[in-house]
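Quick mapping for you: the protein sequence lines, in order, are chains A and B.
Sequential numbering of the first sequence, starting at 1, is according to the numbering used here.
Sequential numbering of the second sequence, starting at 1001, is according to the numbering used here.
Since the hints were derived computationally from the structure, they do not count as laboratory data.
Watch out, some of these pointers could steer you wrong.
Label-pair distances were calculated between CB atoms; the ranges are [claimed, not checked]:
1. A:ARG177 x B:GLU1082: 43 to 51 Å
2. B:ASP1207 x A:GLY82: 41 to 49 Å
3. B:PRO1087 x A:ASP19: 50 to 58 Å
4. B:PRO1087 x A:THR23: 42 to 50 Å
5. B:SER1243 x A:LYS119: 30 to 38 Å
6. B:GLY1032 x A:MET96: 48 to 56 Å
Going by beta-carbon spacing under 10 Å, a handful of chain B positions derived as facing chain A [claimed, not checked]:
7. VAL1067
8. LYS1218
9. THR1283
Think of the CB as a built atom: it goes at the ideal place given N, C-alpha and C, for glycine as much as any other residue.
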Amino acid sequence: MRSTNPYIPMPVEIVKITDEVDTHDIKSFRFKFLNAEDESRFQYLPGQFAELSIYGKGESPIGIASSPTEPGYVEFTVQRAGAIVPGLVTAALHDMEEGGKIGLRGPLGHPWPIEFLEKKNIVVVGGGFAFTTLRSLVKYMLHGDNRSRFGDITVIYGARTPGLLCYKDELAAWEKRNDIKTIITVDKGNETWKGREGFVPAVCKDVAPSPANAVAVICGPPVMIKFTLPVFFELGFSKENILTSLEMRMKCGIGKCGRCNVGYKYVCSDGPVFSLAQLEELPRDF
Amino acid sequence: MLKKTTLNQLSDLAFALMEKGTLVAPVRQNAGFQFREITDAKQVDLNFHNTVISPKSVFFPQTEDFVRYKTGRPVQEAEAVEPQGKPLILFGVRPCDVKSFEIMDIHFSGTGAVDPYWQARREAATIIGYAFDVGAPAESEEFYQTLGIGAADPEGSDIFMVRHGDDLLLKSITGRGEALLAGIGGLTGASADDEKYFDDTVAAGRDFKTRFTCVDAKAITKKLEDLFHHTDFWEKASNACLSCGVCTFVCPTCYCFDICDETLFKQGTRRRVWDACMFTDFTLEASGHNPRTKVYQRLRQKINHKYSYHVRKYGVISCVGCGRCTRYCPVNIDIFSIVEEAMKA
């Protein structure tokens, strides 16, 4: 019996690396558990995260980008940090190749509230590389076993440039399906871009998803969230029906190390998923 | 069960306790008294008011190893350092510090994920509490009575000790304490007068005055929530603060920690170390964003955590009024004065 000590990482092997963007600083890493016991213990839902652990470098909390409907592996999309502070773990991970082994602790945090989302129309709004746990949610909802549990699904996803869109093949596949409405936008296109141009908030206003029996799930850079939330108010979404996911610096990921609090909530163990109604009760300390 | 010995025979008692497990007790050191693992029974010294660092370090050491690894070797070869609870006797703990263990238990093992290291050590420990001298005035920094803690509260201890002149009275409070006390030779039985003295001391401890009047946890929680955006108040309160973090290190209920890797000549250790919300980079994110770059934001975090967030989350104030943060602050910031000012603001 292996340790159930929550501070001890489980060993995993990188089985696939996908270079997601043309700036090559965002990659998806697909991991396979080295111990079958760890794999069966790692039961997660979309919206949760895990600590990626590289001995000698440290740990980084990263949202899970794969869906539990894809058995056999777990995937994370990781940006190489380091523009401002040294991103030791992400840099080391980016320098690794398939076959490399690291540690994993999790799953951590609360998932998107799947039961709450059931039987409702879901509007998924993502910006840039913050789309990872939303991708997990969309894949989960689109799975044959789950699709009928949810109403209409609308995805509005934007990036600064066409080359910065993640999961391009999947987006193309979603655009072809008739059980999901996929709207892709870029802040600024290029000579080959034939899709929409425009910032996510403006596109949301333009698409104007109905608030009737609907929940908006929004993840993106702070500036996008700041301008997108008012759009959804104006459309008539209630604060309970607008969900987002917070980030704070974390260490333990299990609500013990005291680092990621916003008011009396720990983002790691009480979140990272919060409704806007919940966020408004907390001090602006994030 | 009430037993008795004399302070002259303290080292005999210490010696007997060392046979029952690892003994951790107050020891006189250059900087003041500290809890230390006892290797020589003569080191134990009860002529102290309180220790510099709180006894939390017995259950939550300043550094502790989680994993030992070698760089360049497969990750599966890393060796987990699993929690070990070896029988331990923690001797001479003041009632406010005993109370801190209960507050820390709620966080580390009573709610949400269980911290296995804290839990293993706590379960293996026997606490021998020690009443403050209720015949002398409290030190000016202390305010445990404000928080409802008496100077001689036996609750939370397995055995509780009261000093009576040159005698030391030891009373078992729990079954674990009774078993330990029954197994120690060299103690004498206590008289009815001793019983009365013990009970009178506990009662006197409840009325023992420290600073300030009592605070209502709910009222202070609400008040601090309302004051959050009053930047002027927090800037004034933190004006002298150096962000040195000593208040958090000496505190019996501060639990923030970092997990960091230290590698030397390819041999490495992943360990937990105490950290402090008073440090600038405590909340610095990989993106470069930092929600608490200013001193006032960090002091506000510390005080709100103890008197507001902790109450909202766990139902208790995360402070026992031991006064260490005020006593050791290099610029004389007094946490309770800030709380008092907040109530008036």
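Hint check results:
1. A:ARG177 x B:GLU1082: 43 to 51 Å: Hint holds: Cβ distance 49 Å, inside 43 to 51 Å.
2. B:ASP1207 x A:GLY82: 41 to 49 Å: violated, 60 Å
3. B:PRO1087 x A:ASP19: 50 to 58 Å: holds, 55 Å
4. B:PRO1087 x A:THR23: 42 to 50 Å: With Cβ atoms ~58 Å apart, the hint is violated.
5. B:SER1243 x A:LYS119: 30 to 38 Å: violated, 51 Å
6. B:GLY1032 x A:MET96: 48 to 56 Å: holds, 49 Å
7. VAL1067: Status holds, d = 6 Å.
8. LYS1218: violated, 13 Å
9. THR1283: holds, 5 Å
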